[in-house]
Amino acid sequence: MNITSDITLISLVQQASVLVQMVMGLLLLVSLLSWSYIFSKMMTLAKARRQTSKFEEEFWAASDIATLYQRASSRPDNVGALERIFESGYREFLRHRKSGTLESAAVTSGVQRAMKATFQREQDRLEAHLAFLATVGSVSPYVGLFGTVWGIMNAFRGLANVGQATLAHVAPGIAEALVATAMGLFAAIPAVVAYNRYAHDADRLASRFESFMEEFSNILQRQFKPTGR
Amino acid sequence: MASAAFAPNRLLGWLLSFLVHGAFLAFLFFGVSWQRHQPAPMMAEIWSDVPKPATAREVTAQPAMPVTPPPTPVPTPVPPPPAPPAPPAPKSPPVAETPNPADIALKKKKQQKAAQEEKKRELARQRDKLLAEQLRQERLDALKEQRQDEQRRVEAELQRRRAEQLAQNAQAAQAAQLDRYKLAIIQKIRNSTEVPEGVPDGLTLEVDITILPDGEVLGPVRVIKSSGNPRYDAAVLRGIQNAQPLPLPSEVSLRRQFRTTHLQLHHEK
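Which chain is which? The protein sequence lines are A and B, in order. First residue of the first sequence? That's 1 in my numbering, and the numbers climb one at a time after it. First residue of the second sequence? That's 1 in my numbering, and the numbers climb one at a time after it.
Certain hints may be false.
[Stated by the list, open to error] SDA-like cross-link-like pairs, simulated, lysine to any residue; straight-line CA separation at most 20 Å:
id, chain 1, residue 1, chain 2, residue 2
1, A, LYS47, A, LEU205
2, B, LYS182, B, ARG127
3, A, LYS47, B, TRP14
4, B, LYS188, B, THR260
5, B, LYS188, B, ASP233
6, A, LYS47, B, ASN9
7, A, LYS47, B, LEU15
8, A, LYS116, A, SER207
9, B, LYS182, B, GLY239
10, B, LYS182, B, HIS267
11, A, LYS47, B, LEU12
12, A, LYS47, B, ASP233
13, A, LYS54, A, SER207
14, A, LYS47, A, ARG208
15, A, LYS47, A, ARG75
16, B, LYS225, B, ALA235
17, A, LYS47, B, PRO8
18, A, LYS98, A, THR108
19, B, LYS108, B, ALA124
20, A, LYS116, A, SER217
21, A, LYS47, B, LEU16
22, A, LYS116, A, ALA128
23, B, LYS188, B, ARG238
24, A, LYS47, B, LEU11
It is worth saying that the hints were derived from the structure and are not from the lab.
Please construct the entire structure, taking both the sequences and the accompanying hints into account.
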């Protein structure tokens, strides 16, 4: 019990071998980066959700779609993902109307393609950096384990020169090495949790976008008919 | 467009990330104690009744004693100063009665001499006064120091008494807890003991048992004092084996005291 009494966190890190220290540094860096993504992603997704709800409300309450479109195209920096999808679809629809295309199916499929393209761009943005979080979550425990194995190997190698081996000879080395595993887990756990959470959030948003796209193309098709007649 | 919307979030994300790591490190440094301390054994001197009356008398006596001394030193040094000024007063009047002009110079000389002597005496008196004052001050200081010493002693005494009281209380509490757990053990043994028919009331069996931390009884039970009835003894020993695991306190420090336990098992219907 008294063997561990003089171990502090700083000495654990300082006395570790260079490779273990490198592993620790790498894990700290990765952890910092993944936490920064966790926070920025959290804010981005929350903002996207807020904007989507707001736009859906506006869209279903609005009597005139043209004014919505004008507003969306007038301030392109400040609109949400769903609004951008709507804008691209409606722009395509206007173009068709201007060029005098009369065929309903052609217009609808054109509008849908335009919206699909924007949707994919938006989805890509929502899911950006999620792959990084997934990688951190799955790899950093192994990196930490690597540091630990290396540290324990060193601890046992040092034991070879000692005639009478006791636990006191290896315990500090093993404790040092285990810090690397602890750091790996510290980096991995939040990353895994955040990845699962954000992937789910992004999926839900994407399905909302998709259902909106379907509904909006229906509306446009209905609008097209009277003008085409 | 996209980068403009993302930049502030990234910055804030980094900031919060550093904050989280800083907080976690701070927790590791200050929240977790990396040293393992064995709780030091508590030492307590048990005084039955010796210090209490003594300190009580001292406490009541001390305030009375220091109050009376301070006035006495003040009057004693005052009398000495009035004595020296008396002699020079009567000398000057006879000198003033002679109107002889020839004597004027002499008279003047005499007067000067008198004045000088007067001055000397005045100086002497002042010296005396200063000395007296100094003496008085010293005596006062000594008294004050004495009083402070006494006060300090009284306080120390009080503190010691308080500490003793606390220690006694703690011991009493621990003893009460030990008794409670012991009673629980005896109760459990009694519950699992089947006393055979025909065993008379009022039998007492004393045993020593060694209890492992998980409540198991280690090795054979040592009978310290048999009840005189072998059937009762055997029943109780069987009961002890059946009662395992025995209930033990959850505190480690208390549990250690149960390593070897002396039990008195009393039989009554």
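So, going through the hints one by one against the coordinates:
no., hint, verdict
1, A:LYS47 to A:LEU205, "holds, 11 Å"
2, B:LYS182 to B:ARG127, "violated, 81 Å"
3, A:LYS47 to B:TRP14, "holds, 18 Å"
4, B:LYS188 to B:THR260, "holds, 17 Å"
5, B:LYS188 to B:ASP233, "holds, 16 Å"
6, A:LYS47 to B:ASN9, "holds, 10 Å"
7, A:LYS47 to B:LEU15, "holds, 19 Å"
8, A:LYS116 to A:SER207, "holds, 12 Å"
9, B:LYS182 to B:GLY239, "holds, 16 Å"
10, B:LYS182 to B:HIS267, "holds, 16 Å"
11, A:LYS47 to B:LEU12, "holds, 14 Å"
12, A:LYS47 to B:ASP233, "violated, 79 Å"
13, A:LYS54 to A:SER207, "holds, 16 Å"
14, A:LYS47 to A:ARG208, "holds, 15 Å"
15, A:LYS47 to A:ARG75, "holds, 17 Å"
16, B:LYS225 to B:ALA235, "holds, 15 Å"
17, A:LYS47 to B:PRO8, "holds, 13 Å"
18, A:LYS98 to A:THR108, "holds, 15 Å"
19, B:LYS108 to B:ALA124, "violated, 24 Å"
20, A:LYS116 to A:SER217, "holds, 11 Å"
21, A:LYS47 to B:LEU16, "holds, 17 Å"
22, A:LYS116 to A:ALA128, "holds, 18 Å"
23, B:LYS188 to B:ARG238, "holds, 13 Å"
24, A:LYS47 to B:LEU11, "holds, 16 Å"
In terms of the numbered hints stated before, the structure departs from hints 2, 12, 19, listed from lowest to highest.
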